[in-house]
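Sequential numbering of the sequence shown, starting at 1, is according to our numbering.
By construction, these hints were calculated from the structure, which means they are not laboratory data.
Errors might be hidden in some of the hints.
Distance windows between CB atoms, simulated [claimed, not checked]:
{"id": "1", "residue 1": "P187", "residue 2": "N53", "range": "36 to 42 Å"}
{"id": "2", "residue 1": "K240", "residue 2": "T192", "range": "21 to 27 Å"}
{"id": "3", "residue 1": "P15", "residue 2": "E215", "range": "32 to 38 Å"}
{"id": "4", "residue 1": "N2", "residue 2": "A175", "range": "40 to 46 Å"}
{"id": "5", "residue 1": "Q90", "residue 2": "S35", "range": "26 to 32 Å"}
Using N, Cα and C, we set each Cβ at its ideal position, and we do this for glycine too.
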Amino acid sequence: MNRETKEIRIDSLIPFKYHSGQTYTGERLQMMMDSIQHSGLMNPIIVRPVSSNKYEIISGHNRAKAIKELGHSVIPADIRYDLSDDEAMQLFYESNLNQQSFSDWNYSQKIEAVRYTVKMIKEYSQQGKRNDLAGKASDKHGDETSVQTGQKSGMNPRSSTTRDKMARRLGISTATLSKYRRIIKLPDELVTEIAHLLDEKKISFEAAYMISDLEDEDIRLLINSINRNPEQKIDLDLLKTFGKTNKRKGDAAIICPITSRGILAVLTAQKKSSSSDILTPIRRIDVINEIQANKPQ
1 MNRETKEIRI DSLIPFKYHS GQTYTGERLQ MMMDSIQHSG LMNPIIVRPV
51 SSNKYEIISG HNRAKAIKEL GHSVIPADIR YDLSDDEAMQ LFYESNLNQQ
101 SFSDWNYSQK IEAVRYTVKM IKEYSQQGKR NDLAGKASDK HGDETSVQTG
151 QKSGMNPRSS TTRDKMARRL GISTATLSKY RRIIKLPDEL VTEIAHLLDE
201 KKISFEAAYM ISDLEDEDIR LLINSINRNP EQKIDLDLLK TFGKTNKRKG
251 DAAIICPITS RGILAVLTAQ KKSSSSDILT PIRRIDVINE IQANKPQ
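Could you put the whole structure together from the sequences, leaning on the hints where they help?
Following this line, the structure appears as structure tokens:
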């Protein structure tokens, strides 16, 4: 890869296009500034040129901010030329995971990291399938009685092993990774809305996971209700009963709808009525009975 290390101007830097925009503040930023002032910048930031006089930061957003706060006009940079978007994305997450833990990121960053991880899992899985096909083709010309470490029995543990490795790389359990994967299967605008609610601490991660199992229109209704009533808590026990209910009838999958009454009931336990939004108190058992009655038979 064509690269060089040299000092570049701070004002020539722009953030990575997939960066959340959030960087260190307060005590954490001050600690980095103190370290740089005492020992210097130990590692150059990593950038790629995007125009004749601008560089996109791939790794080092916090270091660049600290250097700027210290009043310096230049910063040492490892410039990577001809770096593709995929290579930049891989470098971005690999370098950040080496310097920070998954728990240090906000939920918007975590979700983007999981998107990248899922992409890597798919790539490894596809590579594994290609290797399996090559191995089977080779077997035809080899000893049919030889042991083929799972290929003979049709077993291919690569995908699950890769998923486990990716989860460990992020520093989370495989179960937690699976929950994130369900969230990111939603339409992009809903994923963004849910990430904002998580970042603003309006919902818990467990609530986000349960919400992701609702129909898209139900999710939109619930998100709008949460934004209008930020002081309200979600009734997780009630929300748990709202998961998708599929029942096969011929070749069609029938989805049990959730009524507006049911969705709004999730937030009615402590809801304060107003002139613009008055709701009759709803008992949990009434909502559950209504949903059960609406299920396809």
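Hints and how they fare:
| no. | hint | in the structure |
| --- | --- | --- |
| 1 | P187 / N53: 36 to 42 Å | holds (38 Å) |
| 2 | K240 / T192: 21 to 27 Å | holds (24 Å) |
| 3 | P15 / E215: 32 to 38 Å | holds (36 Å) |
| 4 | N2 / A175: 40 to 46 Å | holds (42 Å) |
| 5 | Q90 / S35: 26 to 32 Å | holds (27 Å) |
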